[in-house]
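If you read the sequences in order, they're chains A and B. Counting in our numbering, the first sequence runs from 1 upward without gaps. Counting in our numbering, the second sequence runs from 1 upward without gaps.
The set of hints was computed from the structure by calculation and includes no laboratory data. Cβ atoms here follow ideal geometry from the backbone N, Cα and C, with glycine treated the same way. Fair warning: there could be bad hints in the mix.
[What the hints assert, rightly or not] Going by beta-carbon spacing under 7 Å, a handful of chain A positions derived as facing chain B:
no. : residue
1   : S33
2   : L34
3   : G37
4   : R40
5   : P51
6   : C52
7   : L99
8   : P101
9   : E104
10  : Q111
11  : Y115
12  : G116
[Claimed, not checked] Here are some of the chain B residues that sit facing chain A, going by a computed Cβ distance under 10 Å:
no. : residue
13  : G8
14  : A24
15  : R27
16  : S68
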Amino acid sequence: MTEITLEMVRQRAEADARTYGYYLNPDPKFLQSLLEGLKRNEERYGYPSCPCRLASGKFEVDRDIICPCDYRDPDVTEFGACYCALYVRKDVQEGKTELNPVPERRPLEKQAKAYGATTSETKIKAETVIPSTGTITETPKNKPKLWYCKQCGYVVFRDEPPYTCPICKAKREMFAEIETRIDFTG
Amino acid sequence: MQFSKVSGQKRQHKVVLYALSTCAWCRMTKQFLEDNDVEFEYVYVDLCEEEDKQKIREHIQSKGGPLSYPTIFVDDNMLITGFRKDKLREALGL
Ligand code: SF4
Chain A
1 MTEITLEMVR
11 QRAEADARTY
21 GYYLNPDPKF
31 LQSLLEGLKR
41 NEERYGYPSC
51 PCRLASGKFE
61 VDRDIICPCD
71 YRDPDVTEFG
81 ACYCALYVRK
91 DVQEGKTELN
101 PVPERRPLEK
111 QAKAYGATTS
121 ETKIKAETVI
131 PSTGTITETP
141 KNKPKLWYCK
151 QCGYVVFRDE
161 PPYTCPICKA
171 KREMFAEIET
181 RIDFTG
Chain B
1 MQFSKVSGQK
11 RQHKVVLYAL
21 STCAWCRMTK
31 QFLEDNDVEF
41 EYVYVDLCEE
51 EDKQKIREHI
61 QSKGGPLSYP
71 TIFVDDNMLI
81 TGFRKDKLRE
91 ALGL
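Generate coordinates for the entire structure from the input sequences, incorporating the hints supplied.
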């Protein structure tokens with residue numbers, strides 16, 4: 001396995017910020033600390049899960065918090081920064097807007113999975129917050145499905161559609177499920 | 001659960017910090033407490049055994065807190081989520 005260097009992590013974040021029109025946190029020390037966290041997670045889990053969230057170490061469970069996480073786009077739009085404040089909006093980068101703590105958008109049900117076998121599963125479920133930007137009601141046992149973006153055609157296979165389309169930035173509502181049926185007759 | 005202790009001159013309150021070893025906000029919180037000479041205990045949740053993770057989750061949720069880090073308990077009755085200098089100053093009389 002190739003060694004993960006801080007420079008690689010930095011370059012990846014920079015390239016991603018450029019692609020999506022975001023900026024990296026302007027505080028060099030803070031940025032360094034986040035990049036180190038990402039590196040550490042990639043080393044121990046095999047993927048760069050969010051440095052500011054507790055990961056389970058299981059890819060399937062952590063998929064939505066692999067950086068850049070599913071929640072970044074709505075958070076940068078609404079609060080000026082992602083949950084960790086690694087990615088920020090232009091006005092924040094320029095110091096025009098003050099940065100306040102970004103509330104956790106990830107549903108509690110998902111967060112709880114990082115704590116191992118849940119003893120109070122039902123309690124957790126009742127408290128699950130449906131994010132304001134989504135209209136998807138989570139069923140207790142989500143199964144991965146094929147979703148496509150009605151705007152650009154991007155297809156993804158996962159439990160729920162992404163918050164925003166990573167390709168064309170369309171909102172979650174633009175995603176529709178692809179119903180697959182395999183016909184053996186004829 | 002193995003807490004690490006940081007000594008300080010300000011010991012009026014029992015301060016417990018739940019943090020993640022990779023989190024920049026947690027690091028800033030820890031630094032802030034150290035800079036202000038506050039005595040506190042901390043644990044990195046991501047480095048804990050599963051059993052301890054469960055206990056931490058129950059502790060935080062029993063006080064109605066979200067599962068976000070850093071989480072700071074002051075005298076086990078006040079819970080501060082996130083790096084909030086204003087709230088920390090107020091709670092700790094800094
Ligand atoms: S909150 Fe920011 S740093 Fe954390 S995973 Fe999402 S985009 Fe990456």
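Which hint numbers doesn't this structure obey?
-> Numbers 7, 13, in rising order.
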